[in-house]
Amino acid sequence: MEIVVCLKQIVDPEIPASEFRLDPVTKRQIRGSHALVISTYDENALEVALQLKEKQGGKVTAVTIGEEQATEALRKALAMGADSAVLISDPPLLEADDLGKARVLARAIRKLTTPDLILCGCESADWVSRIVGPFLAEELGLPCVTFGTRIEPRDGKIVVRRIVEDGYHLVEAALPAVVTIASDETNTPRLPKVRDIMAAVKKPITLLRMADLGIEPGSLKEMEGRIVLQDVAIPVREARCEFIEGDTPEEQAERLVLRLKELKVI
Amino acid sequence: MGIDWPRGIAVLVLTGVATAIFLREMARIYRFLRLGQGSLRVDRVGKRLLDLIVYVLGHVKVLAWTYSGVLHLFIFWGFLVLLTTILQQYGEAFVPGWSLPWIGNSPVLAGLQDLFILLVLVGVGMALYLRAVVRPPRFRSSNPLDAYLILGLITGIMVGLAGSRATAIALSKEAPPGWLAGAFLSRALAVWFKGFSPSMLHLVHELFWWLHLLIILFFLTWIPEGKHLHLITIFPNIFLRKLTPRGALRPLDLEKAESLGVGKVEQFHWKDLLDTFACMECGRCTAVCPANATGKELDPRRLHTAIRHHLVEVGERVIAARESGQAIDRPSLIGDVFSEDFLWQCVTCAACIQECPAFNEHIDKIVDMRRYLVMEESRAPDTILEALRSLEARGHPFKGALASRTDWAKGMGIKEVARDGPAEWLFWVGCAAAFDERAQKVAQAMARILQIAGVDFAILGGEERCTGDPARRMGHEYLFQMLAQENIATLERYGITRILTICPHCYNTLKNEYPQFGGNFQVVHHSQFLAALLREGRLQLRQPLNLSLTFHDPCYLGRHNGEYEAPRQVLRALGGNRVVEMERCRERAFCCGAGGGLFWAEERVGKRINHERAEHALETGAEVVGTACPYCLVMFEDAVKAKEAPFRPRDIAELLADAL
Ligand code: SF4
Ligand code: SF4
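Protein chains in written order, with this note's numbering: chain A, 1417 to 1682; chain B, 112 to 771.
Since the hints were made in silico from the structure, they are not lab data.
Mixed in with the good hints there might be a few duds.
[Said to hold, decoys possible] In silico lysine-lysine, DSS-like type, Cα no more than 27 angstroms apart, as pairs:
hint : chain 1 : residue 1 : chain 2 : residue 2
1    : A       : K1609     : B       : K367
2    : B       : K752      : B       : K718
3    : A       : K1609     : B       : K375
4    : A       : K1527     : A       : K1637
5    : B       : K510      : A       : K1609
6    : B       : K552      : B       : K754
7    : A       : K1573     : A       : K1471
8    : A       : K1619     : A       : K1527
9    : A       : K1619     : B       : K172
10   : B       : K172      : B       : K158
11   : B       : K367      : A       : K1618
12   : A       : K1619     : A       : K1443
13   : B       : K552      : B       : K510
14   : A       : K1469     : A       : K1637
15   : B       : K754      : B       : K718
Whole structure, please, built from the sequences with the hints as guidance.
Here's what the structure looks like:
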């Protein structure tokens, strides 16, 4: 089975909230010296792909759009067991919106291989737009299952276990297909084996520029959606403390209830 | 005096057979040892020879456990002294009435021999009493038959010897032998044989004489079969023991190693294999092991006996397979011989190593097997894997930490090397004190003290990475080496030479393990630094703290690095002299449960180690448990919460800061 996994490198989502900074001009997170990691669910997607490969044989290709540093994320994917890796990198791409990125990914995938399965994380751990996967499916004209956690191949098709609020659905899909992956206990990303880490350093990473995908510098804008990002802000959390006075516990309780009613909490 | 050829030849033939059996077995064991990895390089020969005198002849470590130490001393020295009687016997075999040249007729020697016959018997009696009546739990997993057999054989040898000496005295009518004067025991026993007819006496003498010899020869053939092999192996094992710092794990050459860690018995270092043959199954290690004491599967004695049995079981086939290149079917080392749980229960506290009279190294073996699990198989308990992933991604093991590395220092006016240049001392904070809310207070207290004392110091801040201690002890040598190299590069870039740290794990790794990778720094633990500041009068105490205190020795400060006094000096300076010791303190301290990377593990089996330790502290009735390690502190805080214990855990720096 030929599987493509789309990854994104992001700033460690585990940094403390106090360390989170936004650039007011680009409206993006400032990377600073924070660690860069593969976005959480993308790692789960990679794990699902690797497990399928172990069961079925085949090849796993990791693809990402990003800066040069994103090779680190691809190396990690190679260390975990991906067979090849592709970095799509060109400065204008960093500004592209979700639709634009999905279209670029689609072109790259078409150019590279004819996959049976394309996996993405169900959402990125930085912007959480949850949309690149479905856009990608649309662009490639493929069926799409979102929020899958496990994939069983069955008679040339796949059965995806898809989490919903109160349980799960089992969804059958024809191949090729796009599945976006959520986490569960079966797809916790593996720790790469040390030999694979060392071997991954020597594996080549294919670099694609926009020109390689036939995208003119000016035409990227046309590929994008009509969404304009107006503003981003870090929510301000306020906590206030109020003491409820009262001579006896009963009195205090009574006043507390009154105050809570006043605040429309109860 | 004529020569008794038939008897002489019979003795020689029997000895030849016994020696052949003995040597065949020893050669087999030697070939098994040769399966192990690593080469043999001997340095510091003088020190090593001295060790043989101190620890083998002097029994210094054996005597650390008084009862079993004394009984062993009797038997061991008995054997040395009574070797003379064996030589004597070989002479007698050919020449009746022969005695050792020069000393053979000395009443002093005869007296010593008799004395030790008695002492060996006393020793055997004590051993029997210990095994059969006292039955300490440490003998639970040892083979009792082997022990009783050997005690029986020793008794037999002594009876044979005493009997043959007594009958020899009774037989000698005229011209009593010169040694008679000293042989108080044999002379007394000879009285019993007074009434025997000469021929009867002769027969009895012969019986004792042969009994003595035959048991000795049987003993010789039996030595390689069980724990009594330590009679032989203890010499090379102590001579070749690790002389590098106890806290430094053996480095692994990741590029060259055939296997990253040990998944098969022949992948152990040869010295680790020798350890298992030197193990006398005394069980002292198991008796002091905190994991074992809290009902877990880990048993440091079984670590040794099981490797040995497994090696003896599969050794021949492994050797054959090496030659033929074929794979063999055998029980798996990890899985069949040791469960993964067994390996993940060790807190690397070195209590076992401290007690082992054979100087065996338990931790290296366990970590070697963890290395295999983690690096070759990517297998470890989930929470351990998560800590490793965090170490890899962000250079610290606290995933989801709410603080940044420098949050604790905000508003304190502390220099950062990158911003303000290096200072006289680098204050190495460590991950626990940077990210754990409780432990941050220790870093703050220490910084305050340094500021009050006017010490010029700076922190690395965001450039500090985990030293790699947890990664290394979890078996991820690769990750450890990456972190170590990164830190060494940072420290060298700033030309840092002097490091002060509040974490014994950082202390141990920086001081003892970084030199393995070319990082040589002067490293001081804050207990030592504070003790020095107090000694030099650089800190004025406002008022002594009127508290009753006890002190918990962190394993990586105490047993791994031998520092027991400095933290106590600080506490004594604080609280008058009201430091009450726990029963298990100093070299015998009981781990808090956090070492070996297990701070990040879920302790699911048995009682929690920190709860057990909190009970020890409770017994002292102290109001405050002083520690000198952020991990110990957090473990104690957890135990106090869970058990609602009425004492407060504090770091010595916090206590000192309170008194300033
Ligand atoms: S190091 Fe500590 S926990 Fe590990 S085996 Fe030895 S005594 Fe037990
Ligand atoms: S390893 Fe050492 S302490 Fe443990 S049983 Fe063997 S000899 Fe005794």
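Which hint numbers doesn't this structure obey?
Hints 9, 12 and 14 not satisfied by this model.
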